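*Asks:* The primary structure of each chain is shown beneath.
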Amino acid sequence: MSEFEQTVRQICSAFKNDRTRMMDIVQAVQARFGCVSGEALDVIASAVNTTRVEVQSTVSFYSFLTAQPKGRIVIRLCSDPVDEMAGMEPVARAFEAELGIRMGETTPDGAITLEWTPCIGMSDQAPAALINDVVVTYLSTDKAREIVAELRRSGDPRKLVHRLGDGHNAHPLVRSMVHNNVRRKGPVVLADLPPGAALRKALAMSPVEVIRDIKTARLRGRGGAGFPTGMKWEFTRQAEGDRKFVICNADEGEPGTFKDRVILTEYADLLFEGMAIAGYAIGAREGILYLRGEYAYLRPLLEHVLQVRRDAGLLGRDICGKRGVEFDIRIQLGAGAYVCGEETSLISSCEGLRGDPKNRPPFPAQKGYLGCPTSVNNVETFCCVARILDRGPGWFAEIGSKGSPGTKLFSVSGDCAAPGVYEYPFGVPLADLLRDVGAEDVQAVQVGGPSGQMVGPESFHRRLEYDDLATGGSIVVFNTSRDLVHVVARYLEFFVDESCGYCTPCRVGNVLMLRKIAEILAGRGAPSDVAYLTGLAECVKFTSRCGLGQTSPNPVLSLIRNFPTALEGRIRPPAGEFLPTFDVRRALADTERLVGRPSVIYAP
Amino acid sequence: MPDKPRVATCSLAGCFGCHMSILDIDERILQLIELVEFDKSPIDDLKEFTGRCAVGLVEGGCCNEENVRVLQEFRKHCDVLVSVGECAICGGIPAMRNNIPLKECLDEAYLNGPTVHNPRRVYPNDPALPLVLDRVYPCHEVVKIDYHIQGCPPPADAIWQTLVALLNHRPVDLPYEVLKYD
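Top to bottom, those sequences are chains R and D.
Under my numbering, read the first sequence as residues 1 to 604, first letter to last.
Under my numbering, read the second sequence as residues 1 to 182, first letter to last.
Hints may contain errors.
[Claimed, not checked] Within a straight-line C-alpha distance of at most 30 Å, the following computed DSS-like cross-link-like pairs (lysine-lysine) qualify: (1) R:Lys-185 / R:Lys-215; (2) D:Lys-144 / R:Lys-541; (3) D:Lys-4 / R:Lys-541; (4) R:Lys-322 / R:Lys-215; (5) R:Lys-402 / R:Lys-201; (6) D:Lys-144 / D:Lys-4.
No lab work stands behind these hints, which were simulated from the structure alone.
No experiment lies behind these values; they were computed from the predicted model shown.
With these hints in hand, go ahead and build the complete structure from the sequences.
*Replies:* Here is the structure:
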């Protein structure tokens, strides 16, 4: 057995040769060897008793995993529209010039790879990038040059962090330049809670009483869909099966969202407290925190918080001294796939598979992770749970609006004076939020990220709540200097990249929409294009398999609905018979060159 | 009878199969003659348009500049333009070359093919020969197309019912059975 094979087999056996832990195995192999090579695929497949193609399909799915060697250092520049607005293009050009390579390439010495990546959750400190696991923020062309020089000198991305961020960003286990930018604290999420306070109150009740409290508080999921949390727990509790799971969805990939990052940095205890309460309520002994790969830098801190809680008897066996109550949490690291924020894809990913969505029903509450009843909830939801148990459901239900009790965290970025995280009671008018964040000359606001909706000033009086302007928390502001059609094109590019490719409407439809928008941007729009885009968007929305395709046409639809002149202003009736997209001279140029004579019919 | 609506048809990069299907309306062709006047069409062999047409039926996609010119003429002279069949709608068999670089296509056809005799090794370049396009285009990528009748070829009934409906300004009713191919 070669040394390589031995090492890979050791990694596999560290995860008990369990193929449902494939994500951890391939990530460990890549961390050791720089990629998951064809040879590694064979060894892993044989060690965990599966086929090579199974391993390969997982590796090929995630953008942070690679079968080909990349540079020892991978620089991933954030391609989000907010980063572009903050000046990412010149930064990218500076990196290219300094490294002597183009985006997507590796330096000839194999040291550094340069590539794009979608929103890394740093929109409030854009332009930002990931350099291996290290986050660098507020980039400029000068900083790009300094970064390349430092990487060439030391080869160590950690040396790029000079000034540490606030709060736990400066914790020895984090040491990051990220800033929390907490601008407005509320009583529910961004507030302290002594570890164990809520959990002890929960354990003093029966599990059914805990669920009743959550229902009384009328808590709804904070990820965006707004499903009643108590009902989800009740379904999971009532589902048959001895083994049940609590999963925390910390895969916040919706462009422009970063509030979970702040919770994970500063309020991880609150989150884990909520997860433990959920475990007690539904009868689960195991919990998983699915952490997006972009937040890998927070993992050591989170592991530390978990260990402190174990040592304090707040996790593990006989929690808080209560006999038979057992719950522990493991962290599952993602690897750069937006679709894994969709709960069934997230479960697939936890199972070591491609992040493909699963068919529903059965819902995860019946058959989720490993076929067991599973409750998947958002980071912020678990924080609300802990607070509800501590302060009581009545206290919670008094906050916010009638259909949307409690508070909501908003990640605000784009054209405003004070981007960052804001906690408001639900029902706050969008106009109030825009005033507080210092947004002036506003043309449009993207509420709920690209999968949400883009609204104009006529909607600024509307309220941020489930029954009006619903959002998982992303608020991106565009002032009047921004080209909304261009923004929509960028969002479509994002969905094209992130579609898992399983179903045709999403895989193909998003590409067709993007092409049409690109033609319109290039001045080749035809009057029939708006009807074409509307029909196509409705079709993709209606026929796609999961939430990604069901929401990916929203940027196009809200542009047409709320900003009708944006597209129409770019479209002129064609002068002759040809469509504006057809250029007969271009279609003939190659043949004229090859044959050696000009066209007679369409003479140049 | 100047009152009869005029209909034009053409076959661009197609196999004339769709035209065969038009003829496949059997004895209804006598009704058709009562109903319409044919303008430019291979059916009456009129080479150019003689007037404004109500409906143009287009078979085949555009593989060369002559196809483009004819399609342009159809758009200019017809109120309603219909793509008939797979090649007009998607490019069809001719579009199989779209994945092969143009030079390789020409080399195989005129220089390197096993039955080619071309001692001077030149591509045919007489000005009378239309130049091929960089790729085969479906008709709706060149001009605005109002309707599509799918099939290879579309059944005679589908073509007939579409034509009758268009000429009578009625909605087209094509039941599943008429457009079922398996």
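*Asks:* So, for every hint listed, does it hold in this structure?
*Replies:* Cross-check of the supplied hints:
1. R:Lys-185 / R:Lys-215: holds (25 Å)
2. D:Lys-144 / R:Lys-541: holds (26 Å)
3. D:Lys-4 / R:Lys-541: violated (45 Å)
4. R:Lys-322 / R:Lys-215: With a Cα-Cα distance of about 24 Å, the restraint between Lys-322 (chain R) and Lys-215 (chain R) holds, given a limit of 30 Å.
5. R:Lys-402 / R:Lys-201: holds (26 Å)
6. D:Lys-144 / D:Lys-4: holds (25 Å)
When each numbered hint is compared with the structure, a violation occurs for hint 3 only.
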